[in-house]
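Undergrad: Chains W and X supply the protein sequences, listed in that same order. Quick note: the first sequence uses the working numbering, first residue 1, plus one each step. Quick note: the second sequence uses the working numbering, first residue 1, plus one each step.
Keep in mind that the hints are not guaranteed to be accurate.
Simulated pairs of lysine-lysine, BS3-like, Cα-Cα distance not exceeding 30 angstroms [stated by the list, open to error]:
id, chain 1, residue 1, chain 2, residue 2
1, W, 61, W, 150
2, W, 78, W, 176
3, W, 78, W, 61
4, W, 176, W, 150
5, W, 74, X, 94
6, W, 78, X, 94
Sample of chain W residues lacking proximity to chain X, with all beta carbon distances greater than 10 angstroms (derived) [stated by the list, open to error]:
id, residue
7, 46
8, 98
9, 109
10, 120
11, 128
What the hints contain is simulated information worked out from the structure, not anything from laboratory work. Each residue gets a CB set at the ideal place from its N, CA and C atoms; glycine is no exception.
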Amino acid sequence: MGDEPTTEATLELTDVSVRFGGLLALNNISFGVLPNQIVGLIGPNGAGKTTAFNVACGFQKPSSGTVRFPALGKGALKPSELAKAGVARTLQGVGLFNNLSVLENVMSGALSRPGGGFLTSVLGLPHGLGMERGLRSEAMATLERLGIAKFAGSIPTGIPYGIQKKVSLARALMGKPKLLLLDEPASGLDESELEEFAHLITELRASMSVLLVEHNMDFVMPLVDELVVLNFGQVIATGTPSVISSNEDVLAAYLGVDE
Amino acid sequence: MGAFLASNFMHNIFGGLAQGVIYSLVALSLVIIWQSTHVLNFAQGAMAMFATYVGLTEIGRGVGYWWCVIISVVVGMAFGGITERVLIRPLYGKPEINPIVVMVGFLGVIEAVTAGIWTSTTRNIPAPFSQIYYQYRGRLILLSPFVIFQIALAIGIMLFVAALFRYTKLGLQLRAAALAPEVARLLGVRVHRMLTIGWMLSAGVGAVAAVIIASGNFGLFPTDMDGVFVAGFIAAAVGGLESPMGAIAGGLLLGLVEQFILAYWSPSVAPLSGVILLVVALMVRPQGIFTRSVNRRV
């Protein structure tokens, strides 16, 4: 799966450390996500998964080390620059706009695209209206693709959690990302929703790379091409799911040594 | 039909609407700012008044009425944008009382400066349409071409703003930035720019209200907008502060209530009608006429 050394990674963390005061949250970790690859970032609670994720999307500055997006031609990005560079992320929980309809929430995923500025909108209202109509039908198509078109007019707080997560995914897809960062996509989903979600993510591989942080091993294992296992701020193993599932360090981290 | 339009009842309806649309505009401008930055702009009326004085001066130099309107609105918008950048931006994240204090102070400064430049004499913009009321068989209908223009202009502005917010990409960006700035930023929205634009739009809408007042019979003077600001604020509060539609409805309601109290109760009670309406509204629907749910973070 794209393992040729010539392929430029979509995301690459090199020797990243993050220090919070005296606590070393990440200790010299390195990993990458190749184009069209699905990578899972796993590890017990407090292992540094979320910190690593936040470093990747610029929420957290590394104390040392580098973050780069070689395939996108970018170095480290600030959160506000992600969308334009082709990186979308979903938020833990769902992070939808509660006062906007589902459709408008999905449309908001395309806001980083150029056009529709102040002058065009105020002086050229008809043009602005036309542009919005285009966005609207595109968002509708995305909802249909995820099979949740019938919720287009609802307010996010009024729909089931599983649907909200799909809406949040639909919004991320509207940015036409090259790299999708998913923060705990499985949390709060039931068995059948999990299966559906896994299927959706697998389909995305055709057009983008995916990095996901996840607790739920049953969800991650069949889904990803590669796993990066963190424990105590260090990468303790990297490899395909079948390799990882027989790695003793990983088993110990998950099963044994909890104080 | 004519007799009906000339009836006492319709007198009050027309009078109430003519006044109400002004309150609605001011309320709308307050709500735009409140939604985006959670600042209650006490200087809103004064800023609009100042912008209109600039337009007035240009009319004195011979530009036509429409240019005067455009100049006032453009100056108003620039004024709003600059105010946000210079006075308000440093206060984001500070206690909510800070911008209030700043804007109350700014209100005094604007009124003093305006009086300093243009004196406190009342000034008129020559009305673009006749202010003579229509008649039906010798009975007055409380509508003149100017009043119709006033109502139409206000409604036009409201529809424009509604379309902008609801049906353009800019509007979606403005709403996203106001609702959840952090999430909006992640989606590539330039949140700070949206806040500035929100202030600009708001000040532009306010300027339209001041232009209408200046073109009416009574003219404009530096502290003229204080009362209108209070009425606009009450209208916005009745509408729930968060809802543009509520603000517009609140303004119209206030205009009508004021007019009917004036006509059927007592002219001396009329100035209190805003307070009465506010008390009743807060008792019956404290969340506002059109507000769906209340989960405000303060």
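Undergrad: Determine for every hint whether it applies to the structure shown.
TA: So, going through the hints one by one against the coordinates:
1. For the proposed pair residue 61 of chain W and residue 150 of chain W, the alpha carbon gap of about 41 angstroms is over 30 angstroms, so the pair is violated.
2. At roughly 18 angstroms between alpha-carbon atoms, residue 78 of chain W and residue 176 of chain W fall within 30 angstroms of each other, so this suggested pair holds.
3. At roughly 9 angstroms between alpha-carbon atoms, residue 78 of chain W and residue 61 of chain W fall within 30 angstroms of each other, so this suggested pair holds.
4. Under the criterion of a C-alpha separation no larger than 30 angstroms, the hint pairing residue 176 of chain W with residue 150 of chain W is consistent with the structure, at around 22 angstroms.
5. For the proposed pair residue 74 of chain W and residue 94 of chain X, the alpha carbon gap of about 35 angstroms is over 30 angstroms, so the pair is violated.
6. Between residue 78 of chain W and residue 94 of chain X the CA atoms are separated by roughly 24 angstroms; this keeps the pair inside 30 angstroms, and the hint holds.
7. A cut-off of 10 angstroms between C-beta atoms confirms that residue 46 of chain W is not in contact with chain X; the least separation is 24 angstroms.
8. A beta-carbon of chain X is positioned within 10 angstroms of the beta-carbon of residue 98 of chain W; the least distance is around 7 angstroms.
9. The Cβ of residue 109 of chain W does not lie farther than 10 angstroms from every Cβ of chain X; its closest approach is about 6 angstroms, which violates its non-interface assignment.
10. With a least beta-carbon separation of about 8 angstroms from chain X, residue 120 of chain W fails to lie farther than 10 angstroms from that chain, contradicting its non-interface assignment.
11. With a least beta-carbon separation of about 4 angstroms from chain X, residue 128 of chain W fails to lie farther than 10 angstroms from that chain, contradicting its non-interface assignment.
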